[in-house]
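Engineer: Each chain, letter by letter, is given below.
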Amino acid sequence: MREMGRRSEAAEHPFRAMAPDDGAPPAGPWNPVAKACASRPTILIERSGQREVVTAACPLALELGLRRGMAVAHARALIADLDVQDADREGDQAILDRLALHAVRHWTPIACPSGTDGLWLDVTGATHLFGGEAQFCARLLRFLKRIGFSATIAIAGTPGAAHALARYGDKAIALLPGGCEAQALAELPLASLRLTPHALQTAARFGLERVGDLYPMARGPLAKRLGLDAVQSLDQARGLVSEPIEPVVPFELPSATRGLLEPILTAEAIEQVIGDLVADLVDDLRSRALGVRALALTCLRVDGEPQIIALGTSKASRDVNHLRRMLSMRIERIDPGLGIETMTLAAPRTELLHSEAFAATLAGDQGGSDIAQLVDQLGGRVGEAGLFKMTSVESDVPERAVRRAGPLAEAQGWPAWPRPARLLERPEALSNVVALLPDHPPRRFGWRGKSYRVVAGDGPERVPGEWWRNSREMWAVRDYFRVEAETGERFWVFRRGDGVDAPTGDLSWHMHGMFG
Amino acid sequence: MATYVELQVMSHFSFLRGASSPEELFAAAALMGHSALGLADWSSVAGVVRGWEGQKATGCRMIAGARVDLADGRTLLLYPTDRAAWSRLTRLLSLGKGRGGKGRCILEWSDVLAWGEGLIAILVPDLPNAGLEGHLEDLKAGFGQRGFLALSFRRRPDEIVRLHRLDAMARAAGVRPVATGDVLFHVAERRQLQDVVTAIREKTTIDALGFRRERFGDRCLKSPEEMERRFAAFPDAIEASADIARQCRFDLGEIQYQYPFEEVMAGRTAQQALTALTEDAAARHFAGDVPSNYRAQIAHELGLIDRLGYAPYFLTVNAIVAESRRRGILCQGRGSAANSCVCFLLGITSIDPIKHELLFERFVSGERKEPPDIDVDFEHERREEIIQWIYETYGRDRSALTAVVTRYRTRGAVAEVGKALGAAA
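Respectively, the protein sequence lines represent chains A and B. Residue 479 in my numbering sits at position 479 of the first sequence; the count goes up by one each step and never skips. Residue 91 in my numbering sits at position 91 of the second sequence; the count goes up by one each step and never skips.
By construction, these hints were calculated from the structure, which means they are not laboratory data. Don't take every hint at face value.
[Said to hold, decoys possible] Some chain A residues well away from chain B (every beta-carbon gap over 10 Å; in silico):
| no. | residue |
| --- | --- |
| 1 | Met-70 |
| 2 | Leu-78 |
| 3 | Leu-188 |
| 4 | Pro-418 |
| 5 | Pro-460 |
| 6 | Pro-464 |
[Unchecked claim] Example chain B residues on the side facing chain A (calculated, C-beta under 7 Å, incomplete):
| no. | residue |
| --- | --- |
| 7 | Leu-193 |
| 8 | Asp-218 |
| 9 | Cys-220 |
| 10 | Arg-409 |
| 11 | Thr-410 |
| 12 | Gly-412 |
| 13 | Ala-413 |
Glycine included, C-beta positions come from ideal geometry on N, C-alpha and C.
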């Protein structure tokens, strides 16, 4: 078999690093966790449907009889002084991904996370660099211990066998000579084969417990009962079928650098170099199907002082002209001092951007033009915060019914009900209001020193306070009226209170907006 | 005396829609001087029993009905005028729920027409538009004088204009408008609870609920005088509500148990059949010589059963037990039925109540105004056979596995409200 002879290794850490209490992921080298679970038995939990389940237990808790998959209520009942924390699957996965990247950079070119709790390393032809397989494993364990993980390591001829031995074997380091996969696996429980829970249940019904129980079975019926996947993973573990590892690829920041023969000082020269850098960067981006969301231009001066220009784009882009224009707009912010000798353009934030077909424009169909570039340019001039779009919020309280959104955000629709063209920022009190209770519009009122006689009115539109926001709005009610004054103006006025129950408001009248 | 009758009320039996119990609604209505209250829960009549209790406690008459939201988007309040119409209404709801499955009710306009005889239909409109015109024509064609259009104040902009347009459209179509309050709770203080149950229904938190909340204002019960003041421009709509109340004379008290006809009756009354069966069984049990204390007890029990009219019920249980014996399926009566000598002799229970000195009145008594329940356990493995036999014998649409109204207990309620308010679980 082609894959035989390749050496796969799976490392598992039965008890993963605890996230620190403040919730921030540990930066740089991972925090040692030994102290986190030294004093009290600790478990991690997760909700699954209606119940909470233990997803991991610290060595102390394991010793006290707590197990993975146990109901949390059960665990709490067993041990009074239990430290219960929420499992952070995403955080765990991120750490595992970083570990895989670390492996690719330091140990072997082919590595990837395996499931939620392990790593595959294809160490074929790599271990001799570390003094052999045993040495390598010991070194790996030391490294993991230093950064706060306990782990078990197995090296075998197939990924499936390594997976099973690392998780269900009894040694911290298991080295399996090539070709012995089938014997080594025979005594392990079926769960070691990465079967689906359904297949495991079915197998338990047939009384199949060990991997070895499956060897003598006819393949046809086996596939029918447990599913084709089960047969496949059995074959993969024994090395009858290949199982390639899809390695993680470390991501390199796209960047372009120009060292300059002569230090440059003029805007024209800088612009020239920017043009070259952008062209280089865009070539790189195009080959990797990426678009820029943020750019950083670093100009290193003769005196060693860096000048940095950073800018963002509102949409992923690798348009040479656009990026060049955006950078050129900011040239004046560069202080060349005695001259610039190196310029580096990097894209710290990128997004996938695939090539797009040009829309058919035969029929003169313009389509909606893309305003993203305009947004970037305006943003470059007035600042990002100065650009926004108004969108509605699902609230009946007028002050809360709109908010600012990003210039490219999808705006929500506007309410079907008539709203004034202009809303006062703060409602203004009305004076000398004459109105009938409980639900009639005012007959006359005074506002900003002028008195108005109302000739027509509509309402009330009853807006209850949003009691879940603050307690003052618990019972509050506003009754809004549209009124037309004798002089033709139309106003949006409201009264605090529904005119019947005192707690709903003090019956004071306010001006809140004007219709066009 | 006020004439207005409130006809659009949802109690908390409209699960996660209404926010007050029928008892609270009727107590509030009686205090405000309502003479009657129309209870129309969402796709259900589950609240009418509590409503009836409310009627008996307060004297405010309950008009039992239901609200149905049809598949094509129109909403109707249906009120039966008599007992036969009530049966048709419940049939209609069974049909919709059978189609919709749990928590849903799927009905078409044609279904409402098919079961609509004797029902008063009140169309609940949204906006006066062309769609409504068609619905009004349907209503006029299908229900004639029994079709109405609901007018209610939503406390939204242009409300008066909307109501006048609706009124005009209804009159043009020959449909009489009727004023309603669209009530969801009995006092204004329940508004918050209503928001919370809506959030639970929408499976979200109160903050994220947005426009899925009930957006029309003023959903509490108002006094008849207040409603008449509001609808001063529509005096006929107020009058119409009283007319509907007058036509709906159906009272829950008219409903009686309808026992199935059993084959053993064969020309005899149920009581005669039960007496004969019991005497045969007694003769067999004691080999012809029935002791006098047994004879007296049997006579006493049969007398009470006769007086309360429960004989057909005993026959039905007997038929089911006899069938399961015939098939060799184990079955065993349990609970208070063991206090009955009749049940013992018929083989429904296997404890001799006289030997163990059990009191028959704990099973059936003249004081308790409801039939006794006879619990029978069947062999778990073969229970399905008996269920199928019951379906075949009595008809699939006349037998039911227990029907349960969903409700919260304290623990669940606290958990759900906590979730709706955004508290961590």
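Engineer: Against each hint, give a clear statement of whether it holds in the structure.
Structural biologist: Right, here's what the structure says about each hint:
No Cβ of chain B approaches the Cβ of Met-70 (chain A) within 10 Å, the least distance being about 19 Å, so the stated non-interface status holds. Non-interface call for Leu-78 (chain A) relative to chain B: holds, since the shortest CB-CB distance, roughly 22 Å, exceeds 10 Å. The beta carbon of Leu-188 (chain A) sits about 38 Å from the closest Cβ of chain B, which is more than 10 Å, so the claim that it is off the interface holds. Distance to chain B contradicts Pro-418 (chain A) as a non-interface residue, since its nearest Cβ pair spans about 5 Å, not more than 10 Å.
For Pro-460 (chain A), the requirement that its beta carbon stay farther than 10 Å from each beta carbon of chain B is not met, with the minimum near 6 Å. Look at Pro-464 (chain A): its CB is around 6 Å from the nearest CB on chain B, not clear of 10 Å, so calling it non-interface is violated. For the restraint placing Leu-193 (chain B) at the interface with chain A, the shortest Cβ-Cβ distance is roughly 11 Å, beyond the 7 Å limit, so the hint is violated. With a least beta-carbon distance of about 6 Å to chain A, the hint placing Asp-218 (chain B) at the interface is held under the 7 Å criterion.
Because the beta carbon of Cys-220 (chain B) sits about 10 Å from the nearest beta carbon in chain A, more than 7 Å, this interface hint is broken. For Arg-409 (chain B), the interface hint is violated, the least distance from its beta-carbon to any beta-carbon of chain A being 15 Å, above 7 Å. For Thr-410 (chain B), the interface hint is violated, the least distance from its beta-carbon to any beta-carbon of chain A being 17 Å, above 7 Å. Given the 7 Å rule on beta carbons, the hint for Gly-412 (chain B) is violated: about 11 Å separates it from the nearest Cβ of chain A.
Against a cut-off of 7 Å between C-beta atoms, the interface hint on Ala-413 (chain B) is violated, since the closest Cβ of chain A lies about 16 Å away.
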